[in-house]
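So the protein lines, in turn, are chains A and B. Using full-length UniProt numbering, read the first sequence as starting at 1 and increasing by one per residue. Using full-length UniProt numbering, read the second sequence as starting at 1 and increasing by one per residue.
Keep in mind that the hints are not guaranteed to be accurate.
Straight-line alpha carbon distances no greater than 27 Å define the calculated DSS-like cross-link-like pairs of lysine-lysine that follow [to be verified]:
1) A:LYS263 x A:LYS249
2) B:LYS322 x A:LYS185
3) A:LYS185 x B:LYS321
4) B:LYS55 x B:LYS39
5) B:LYS159 x B:LYS55
6) B:LYS322 x A:LYS186
7) A:LYS184 x B:LYS322
8) A:LYS185 x B:LYS317
9) A:LYS184 x B:LYS321
10) B:LYS321 x A:LYS186
Okay, the calculated beta carbon distance ranges per label pair [stated by the list, open to error]:
11) B:ASN213 x A:HIS211: 26 to 32 Å
12) A:GLY126 x B:GLY15: 44 to 50 Å
13) A:LEU124 x B:ASN151: 48 to 54 Å
14) A:SER244 x B:ASN213: 25 to 31 Å
None of these hints come from the bench; they were simulated from the model. Cβ coordinates follow ideal geometry from the N, Cα and C atoms, glycine included.
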Amino acid sequence: MIDPHESTARQQHVTSEPANGVMPPPVRRITLDRQPTVALPPSQDAVAIANAGDRSLAAAARPARGIAGPERMTIDGLSVYYGDNHAVKNVSLPIRQGEVLALIGPSGCGKTTLLRTLNRLTELTGSARREGLITLDGEDIDSLEVTEHRRRVSMVFQQPNPFPMSVFDNVAYALREQGSKRPKKKVLEPYVVDALQRAGLYDEVSSNLDHPALRLSGGQQQRLCIARALAARPEVLLMDEPCSALDPKSTNVIEELIVELRKELAIVIVTHNLQQAYRVGDHVAFMYLGDLVEYGPTDQVFDNPQAARTRDYIGGAFG
Amino acid sequence: MLDRLREPWTDRRAGLLLGALACSVLAVIVFMLVFIAIKAWPSFAHNGLSWFSSKGVVDQQLDAMVNSGPNPTSADYQLGAWPLIYATLLTTFFATVFGLIFSLLSAIFIVEFAPEPIRRVIVPVVRLLAAVPSVIYGLIGILVLAPFIGNSVISADQKTSVQFVIPLSGTGLGVAIAVLTVMITPIMIAITVDGLHSIPRAWKEGALALGVNRWRAMWTVTVRAARPAIIAGAVLATARALGEAIMISMVAGSKGFAPNPLDGFTFFFEPIRTLAATVVEDAESINAPAMQASLYAMALVLLVGAFFLSLGSWIAKQPLKKYGTRS
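Looking at chain A on its own, in the form it has when it is part of the complex:
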């Protein structure tokens, strides 16, 4: 009978010693027949930019700030509890048309909860409880029909979640579900094409709108989700870290899209990426452990933060 430990020990023994007295392979010297290519030292400009921090690059990439329109949603003294956990503490914020509000802060500080509360998705969690007032165009959102409210305040999630249907059916989904009668495909087509164009996806999928949505790439899927939300003609678009699962190129496309969309919509975006908040945000709200620590125009929050915790977070002291 062979003890399994013994047999493994023997195997190790065999591998650690050259079998049958064979010598290990000779050491080969690497000789250079030409000078190695050395990376050139960074130029003065690049050094200057690097010293100024990542943000100056971001600033160069960012478009002009949006022009704030009328206030569409108001959050007044909002608190959200999950059981005993006080996730969002007495937050008040305005959400204006024509600009992007970026919510930043470390993980678990209540950003996503705040966002989901705006869409009343927190109500799906049995233990969640809300205090405070949220209004949409002056109306308390609790007085609105929940489906009506969610049509006006739509949401894009962190993970792209297209339905297991064709591209066309995904975008047409909300339109079909809005009416009591299912409209014909011909009737829906212009709306679907328009939504896809606004989401910047149409050129890539126009040849085959029957393509299964789940076979698109991650970035395309996320833009499809944005198109799906836009097709319902929402007034406020909530985005929960829409780029965190995407590659830099797709992120870039979606950021351009956000900047484009803010002309007609109010956008709230949650992001972990400070550069992204700086690039797309018109106003920035910094949250920490459920508190709203600082809210202000993006330049002010990033360049001249008022609160010490904001300064530490933006400076990278904690994340």
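Fit chain B to the known structure of chain A by using the hints.
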């Protein structure tokens, strides 16, 4: 030899041994199919395609086989099994359709609408019900349901209307369908619940965030995506219904009779006997060669029916895969 088995298994060895195990299952099934087909052959050979038709009274034919002795003539093999096939199709079809409706609606309730305390009770209970031996359902059917229907539901008029064709006692198609539905619904619920649970939450939330209520989101996204699981559950349940013997034999009246839909509602009170029930009831007469061949023939029809059921479910799932996660 045993020492070698104690050593850590290589993937190659595991693959070979498990493969042999899996293939042996396949071999048993093939052997069974061939064996039954050979045994069934005389019955089909003497009847031809008329085996599947309705000729004469099937119960009299079966009785004749028992009395035909060890050397049956071709006349002794005569069998028109259509009433039995028809009864099998009727019970299986109705039970599956009713079961599918019940189970889908209950599964939606359990997954989407049931409050947490109710869900905590109902899910284990459903799984328990799925494991109840069918003979218990049969007992309740014959002791409670059949007398109730025979005494209180079937009117005297209905009894007299068919009295020269078939006596109505309570046991019959309706009770068989009802008890069969009760028997197969729990397993369908259990599989459908698992199927609905396995659909990513993100899809449902995506639909809700677009302003669709939970009921519509359930139907348009979750149930749609769970269709393969629902079909799988239905097929499993249909296979159980197809092969159920003891319980049907108890509650269905045990008459080789083809209920006539033209009789109106009385249709559901008319007694029947399915293929599986016939095999069980007549197995004691298996020493008569004609009877033996006939029973093997019925078994073969059931076996081939189950095979086509699997094939049908596979075909039904194909178009659903196009937009699913599997590519």
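Checked hints:
For the hint pairing LYS263 (chain A) with LYS249 (chain A), the CA-to-CA distance comes to about 23 Å; that is within 27 Å, so the pair holds. A hinted pair counts as satisfied when its Cα atoms are at most 27 Å apart, and LYS322 (chain B) with LYS185 (chain A) qualifies at roughly 20 Å. Between the alpha carbons of LYS185 (chain A) and LYS321 (chain B) the distance comes to roughly 22 Å, so the proposed pair stays at or under 27 Å and holds. Taking the CA atoms of LYS55 (chain B) and LYS39 (chain B), the gap is about 23 Å. The hint holds against a cut of 27 Å.
Taking the CA atoms of LYS159 (chain B) and LYS55 (chain B), the gap is about 26 Å. The hint holds against a cut of 27 Å. Taken as a hint, the LYS322 (chain B) and LYS186 (chain A) pair is honoured in the structure, with Cα atoms around 23 Å apart against an allowance of 27 Å. As the CA atoms of LYS184 (chain A) and LYS322 (chain B) are separated by approximately 22 Å, the hinted pair is consistent with the 27 Å bound. With a C-alpha separation of about 25 Å, the suggested pair LYS185 (chain A) and LYS317 (chain B) falls inside the 27 Å cut-off, and the hint holds.
Proximity of LYS184 (chain A) to LYS321 (chain B) is assessed by CA-CA distance (about 24 Å); at most 27 Å being required, the pair is judged to hold. Taken as a hint, the LYS321 (chain B) and LYS186 (chain A) pair is honoured in the structure, with Cα atoms around 26 Å apart against an allowance of 27 Å. At about 29 Å, the beta-carbon gap between ASN213 (chain B) and HIS211 (chain A) stays in the expected band of 26 to 32 Å. Distance hint for GLY126 (chain A) and GLY15 (chain B): a CB-CB separation of about 47 Å, consistent with the stated range 44 to 50 Å.
Restraint check, LEU124 (chain A) to ASN151 (chain B): a C-beta distance of roughly 51 Å satisfies the suggested window 48 to 54 Å. For SER244 (chain A) and ASN213 (chain B), the Cβ-Cβ distance of about 29 Å falls inside the hinted range of 25 to 31 Å, so the restraint holds.
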